[in-house]
Amino acid sequence: MFDRLAARFPVLLLARRNLARSRDLTILAVLAVVIGVVAIGGIGLGGEAFKQDQLSAFEGFGGTATADPIDYEGEPASERGFGDGDIDRMRQAAGSATVLPVVSPGGSTVQTASGDIAVTAQVNGIEDPRAFYDAQTGEIPANWRRSVVVGARIADTNDIAVGDRITVSVPGAFTRAFTVDAILEAQGFADPLSADQTVFVPLAQFGEPRYDSAVVRVPTTAGDIDAVAENIEAALNVRRQEVSVSPVQNQRAQFEQLFGTINQFLAGVGALSLLVAAVTIANTQLMSALEREGELGVMRAVGYPKLAVVRLLVAESAALGVVGAAVGIPLALAIGLVVNALLVGDPLAFTATGLTYVAVGAVFGILTALVAGIYPAWRTANKRPVEAFQA
Amino acid sequence: MAHPVGYVPEDAVIEGHDVVKEYRTGDQVVRALKGIDFGIASGESVAVVGPSGSGKSTLLNLLGLLDVPTSGSVTLYGEETAEFSEAERTQKRKEVIGFVFQSFFLIPTLTARENVEMPRLLDRTPKRTRERATELLERVGLGDRLDHYPDELSGGQKQRVAVARSLINDPALVLADEPTGNLDRKTGDQILDLFDELREMEDVAVVTVTHDDYVADAADRVVRLIDGTLREEN
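These protein sequence lines are chains A and B, in that order. Using full-length UniProt numbering, the letters of the first sequence map in sequence onto residues 1 to 391. Using full-length UniProt numbering, the letters of the second sequence map in sequence onto residues 1 to 234.
What the hints contain is simulated information worked out from the structure, not anything from laboratory work. On a predicted model such as this, the values are computed, not experimentally measured, just so you know. All the given hints hold, so there is nothing to weed out.
Facing chain B, from chain A, some residues (calculated, C-beta under 7 Å): (1) PRO10; (2) VAL302; (3) PRO305.
DSSO-like cross-link-like pairs, simulated, lysine-lysine; straight-line CA separation at most 30 Å: (4) A:LYS383 <-> B:LYS34; (5) B:LYS92 <-> A:LYS306; (6) B:LYS127 <-> A:LYS306; (7) B:LYS92 <-> B:LYS34; (8) B:LYS92 <-> B:LYS127; (9) A:LYS383 <-> B:LYS92.
Glycine included, every Cβ here is placed at the ideal spot set by N, Cα and C.
Please model the entire structure based on the sequences and the hints provided.
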């Protein structure tokens, strides 16, 4: 097949023979392109797999939103957050959706039975965790007033077990020891209350509190969380903005976008390696042209137009790019297979975006090689044949 | 047959009148040719001799359309070469002139036949080119070395390949720059004989540039260059 191609494009024959001549340099230049293509494609595919893995955390939060109060400067503490009246109005506006008020006191500490402080733990006061969460071990009592329920991650890292007594201290409210009645199932980072990091305390412990936020959830089968969010905002934001309701899915979209941007940035860093490839190829071609100055001068003398010499040399560097891309694509896909298997659980879970990265990497690899070859080619072709003779 | 200094034959392929060529090196101007007349008739054999620095290479470059004179006129079939564009000069070189170099300048990655084909490789007439290249290699006695690479050939064989290459486009003029310079006397003689043979068969003028008087003896006519001017041959 190559012979037919060579007869049609004699420049290819010359180019291939020349590349074969300086085999080591050729291999190095191809390798530089391979690294660039693999960097862009591999980072793209890996990032996509990571994104899929992370976004799976949003599964199960489709009908959930968080309602955050909008506080104004100079507002007295007694009017900050939500009051019981606000929650009632939200519930009216929410129809069949559940509205769960939350107290998230700042500066709280949790001390385990062994006396260690659980540093990353946060404390949330809610009415009934059963509305949202299931217990992994233990049981959440129906009339929950005196014990605590602990998130999976906090329990794991601090060796907290059902039946332990832990001390929760909330500045300005209480410092009390509670029995752990249940450890919750892991929820992932998309949970609006960060349940995995949380020690849940019954709301009753806070007396007559102001709420820091509320979680809204529509019944799984029916209900449109976006509509509920709008209703609540419409009902409460009458005189001025009092509440902002944001469905978790919106956060997912933002999150997805953020990931996309980070991935593009990383692939851009990967693309820098193609810059190195460009330098390598330009260097290879300059050296090779210098070495062949006599031959190229003869070609010019026997009637090869300048452009034919440029074409020959550019064909050589473009061939480096094509071979580099041809080797790089399967390597990048292989990396994708492994990362997909590890993160998503399915080796073939390629996304269109991920494959686009590979294609972009390949195209950039070829273009880089081609562009890198232009200057050496132009410089060589512009030497007068006479100069080439006397070299 | 003696000719006067600066003899210009009537049916010249290429001829020059009052040709001056100057080079600038740094802020110095070197006058390599100081106003000479010359002409090469079709089918004749001319030796250009002279010590190094006498302007031989400069004259060769002008004859080969690789350069144009600073003043005076060089015409190819009556057309002023200085008025050609670079692309036109390249095209004329291809059509009219063949080159043979002292150090052969074969492309090491191409076989003997591919090297002979090289000047016509871009012409998209692969079959005709191949036939002609094979014929020429047979004529220079390398019919059994068609697919050998240059590093598998002796110096004399390489120069034969180069001679065949110079003829692939059926030129009117072959310019040979010290064609025997890298060869021993016996091999050199064979190359000179080959030139004579081909000149008759292909009806091509051969200009040999040399500083070797013995090469000059083989030519019909000798042009002696000394310090950029022509001297009477005796």
